[in-house]
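Trainee: Read off the chains here:
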Amino acid sequence: MAKKTYLQALNEALAQEMEKDQSVFILGEDVGQFGGCFGVTQGLFDRFGEGRVMDTPITESVIVGAAAGAAASGLRPVAELMFVDFIGVALDQLFNQAAKMRYMFGGKAKVPMVLRMPQGAGIGAAAQHSQSLEAWFMHIPGLKVAIPSTPYDAKGMLISAIRDDNPVVFLEHKLLYGVEGDVPEESYAIELGKADIKREGTDVTVVATSRMVHSALEAAEILAKDGISLEVVDPRCLLPLDTGTILDSVRKTHALVIAHEAVGFAGPGAEIAAQVAEKAFDYLDAPITRVAAPFCPVPFSPPLEQAFIPGAGDIVKAVRALR
Amino acid sequence: MSHSKEIMVKMYTTMNRIRMFESMLQEYFAAGKIPGFVHLYLGEEAVAVGACSCLTDRDSITSTHRGHGHLIAKGGDLKLMMAEIFGKSTGYCKGKGGSMHIADFDLGILGANGIVGGGGPLATGAALAAKYKKTDDVTICFFGDGASNQGTTQESLNMASAWKLPVVFVNENNGYGISCPQCKSMAVTDIADRAAAYDMPGVVVDGNDVLAVHEAVGEAVKRARRGEGPTLVECKTYRWRGHFEGDACTYRCTEELNEWMAKDPIPRFEEKLVESGLATAEELEGVKAAVKKELDAALEFAQSSPLPELSALLDDVYA
Ligand SMILES: Cc1ncc(C[n+]2csc(CCOP(=O)(O)OP(=O)(O)O)c2C)c(N)n1
Ligand SMILES: [Mg+2]
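Here the protein sequences line up with chains A and B, keeping their order. Residue numbering for the first sequence is 1 to 323, as defined by the working numbering. Residue numbering for the second sequence is 1001 to 1319, as defined by the working numbering.
I should point out that these hints are in silico values taken from the structure, not numbers from a laboratory. Here a beta-carbon is modelled for each residue, glycine too, at the ideal position from N, C-alpha and C. Do not take every clue at face value.
Unchecked claim - Pair ranges (Cβ atoms, derived): (1) A:M104 <-> B:K1010: 46 to 52 Å; (2) A:K3 <-> B:S1023: 48 to 54 Å; (3) B:E1219 <-> A:I123: 48 to 54 Å; (4) A:E50 <-> B:A1262: 29 to 35 Å; (5) B:R1225 <-> A:P141: 49 to 55 Å; (6) A:D46 <-> B:E1256: 41 to 47 Å; (7) A:S187 <-> B:D1247: 43 to 49 Å; (8) B:P1306 <-> A:K317: 53 to 59 Å; (9) A:I123 <-> B:A1281: 41 to 47 Å; (10) A:I123 <-> B:K1292: 51 to 57 Å; (11) A:G39 <-> B:K1292: 51 to 57 Å; (12) A:R52 <-> B:G1286: 57 to 63 Å; (13) A:N96 <-> B:T1189: 32 to 38 Å; (14) A:S187 <-> B:A1248: 27 to 33 Å.
Using the sequences and the hints, build the whole thing.
Mentor: What follows is the structure, encoded as structure tokens:
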């Protein structure tokens, strides 16, 4: 199997779906000749033309809303925002319009759109270009929230997201774009809402998302040397959330650490912890622990930014504290 | 040219402060000394300087991601700015903000902004505060051609006009929002035409002519102070560098760049000053030398300042 970056995997998913289905098109700021803010749509303008790879004005509200409107009118738009932080400008179109159309209209509408947005800190982009906002989207019935951590998952999940008949918020991490992994040439779909066990283990379950999956795997290597065996579960989707896989793992290991880059308080881990507390409390031998960002905006200065971002060391510490 | 020598030389000085500040950042960014990313204002100096020279310290501005020029023109301290951009604890925002988030509320600098179109509503609010408090303070909202397409910008123009708020919308039309040329993002040629939709004056000026900007914004500021409401002043200009440092700029051609570099606002102003007898070439050289010294000191301050302590991470989340 060929090694590809996360970015190439996403690009390939877009190209293959556009090739296969004329109703798929891309819209966003600088997604055309420029190839997108981080380069995900590179080459697609030349290949599919400006009729299907559309540079919009700077107008997030309309990017999201027009995607919803076009989706409700029979197309399958893939919209891109340059940074997830800009969803603030467009939130109404996502959560009051796209997410609710089907339910409000008694099941009549179908909104098969994808909204791709990079998130995460680590490039010195400061408070308005570095957030991890997945918890906002998981709170909205009607949306799906995909948050892949590997090139393989990125491709298969984006293909599923494009084929899905619901609005899918697709969250990429900007520091994952350059990460390499095995990615098949051919098109394949990974069902949205299916977790993946990234490493099997017996002592402690670590449920990690996005870039923190890699930190969890690193932590697992470190702790393995001390004879502590981590099971790393990547939910891959936060909505729907595969609680079954998480619960099965916790019933096996009896301990749970949740790791994400979003702010801890009312973050995605809060829901995961609540699910486990409700459904597998008796299996837990220790309190559930969350490894997450502190409760502050993302600071600019590199030492502060590094202190803000949780990492493998924090997971190791959290696991050791359980025992 | 009806202005005093003092005002004119001050404008010239400020343009040079911006030019040299940005050139220094260009150099130090390329050398890997500056974290994150920077959007330089090189080539657009006449807009910020022409506009801010119409304001007092009590007046306010809202700025953008390309904000260094606005902040310097509004009197921002070069040392504190430079230290902030280098991520140092002595910077304007203790290293928490960086290039895109510098503010000085004492000088009426309500902040650079990482959100395109983020400044319009804030400027409208600052103008609302002035009206509420019955001062005659004015706010300038700087925004780009790209930003002019955001709903927030258009909503601000509308409400400011409907409520006759003392705000001046200064559009910096440099022809591009990142790679997107103006002709692809809007049907109008003159952004100032949009003023008509809100029943406010819309003016187009040569944004590389500091005096033209100063005249037009000056009129608008007077009108705002009189309580007659906002004006939209569109300044046609051009950014010399890529959108951000590191942008390969493949979307525009060298001829276009050269055309605009030939309209460099600084020598143009220099010529006027000398021709009109307001300053000699030697005096102007002296200005540049003094600015250079000031910048060397700012750089030295930034480089020798400490990085923030980790204990500062959770400070200032709340008042
Ligand atoms: C809401 C939002 N959308 C997109 C961006 C990304 N972005 C930063 S600057 C920029 C272009 C802005 O163009 P313009 O307003 O013309 O200002 P210029 O850069 O030309 O000075 C874009 C799209 C952003 N920062 N915020
Ligand atoms: Mg522009």
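Trainee: Work down the list of hints and note, for each, if the structure agrees.
Mentor: How the hints compare with the structure:
1. A:M104 <-> B:K1010: 46 to 52 Å: Taking Cβ atoms as reference, A:M104 and B:K1010 lie about 59 Å apart, which means the hint is violated.
2. A:K3 <-> B:S1023: 48 to 54 Å: violated (42 Å)
3. B:E1219 <-> A:I123: 48 to 54 Å: Taking Cβ atoms as reference, B:E1219 and A:I123 lie about 43 Å apart, which means the hint is violated.
4. A:E50 <-> B:A1262: 29 to 35 Å: holds (32 Å)
5. B:R1225 <-> A:P141: 49 to 55 Å: Given about 51 Å between the Cβ atoms, the range holds.
6. A:D46 <-> B:E1256: 41 to 47 Å: Since the Cβ atoms of A:D46 and B:E1256 sit about 22 Å apart, the hinted range of 41 to 47 Å is violated.
7. A:S187 <-> B:D1247: 43 to 49 Å: violated (33 Å)
8. B:P1306 <-> A:K317: 53 to 59 Å: violated (27 Å)
9. A:I123 <-> B:A1281: 41 to 47 Å: At 45 Å between Cβs, range holds.
10. A:I123 <-> B:K1292: 51 to 57 Å: violated (32 Å)
11. A:G39 <-> B:K1292: 51 to 57 Å: violated (38 Å)
12. A:R52 <-> B:G1286: 57 to 63 Å: holds (59 Å)
13. A:N96 <-> B:T1189: 32 to 38 Å: Since the Cβ atoms of A:N96 and B:T1189 sit about 35 Å apart, the hinted range of 32 to 38 Å holds.
14. A:S187 <-> B:A1248: 27 to 33 Å: For A:S187 and B:A1248 the Cβ distance comes to about 32 Å; the hint holds.
The structure is inconsistent with the numbered hints 1, 2, 3, 6, 7, 8, 10 and 11, although it conforms to all the rest.
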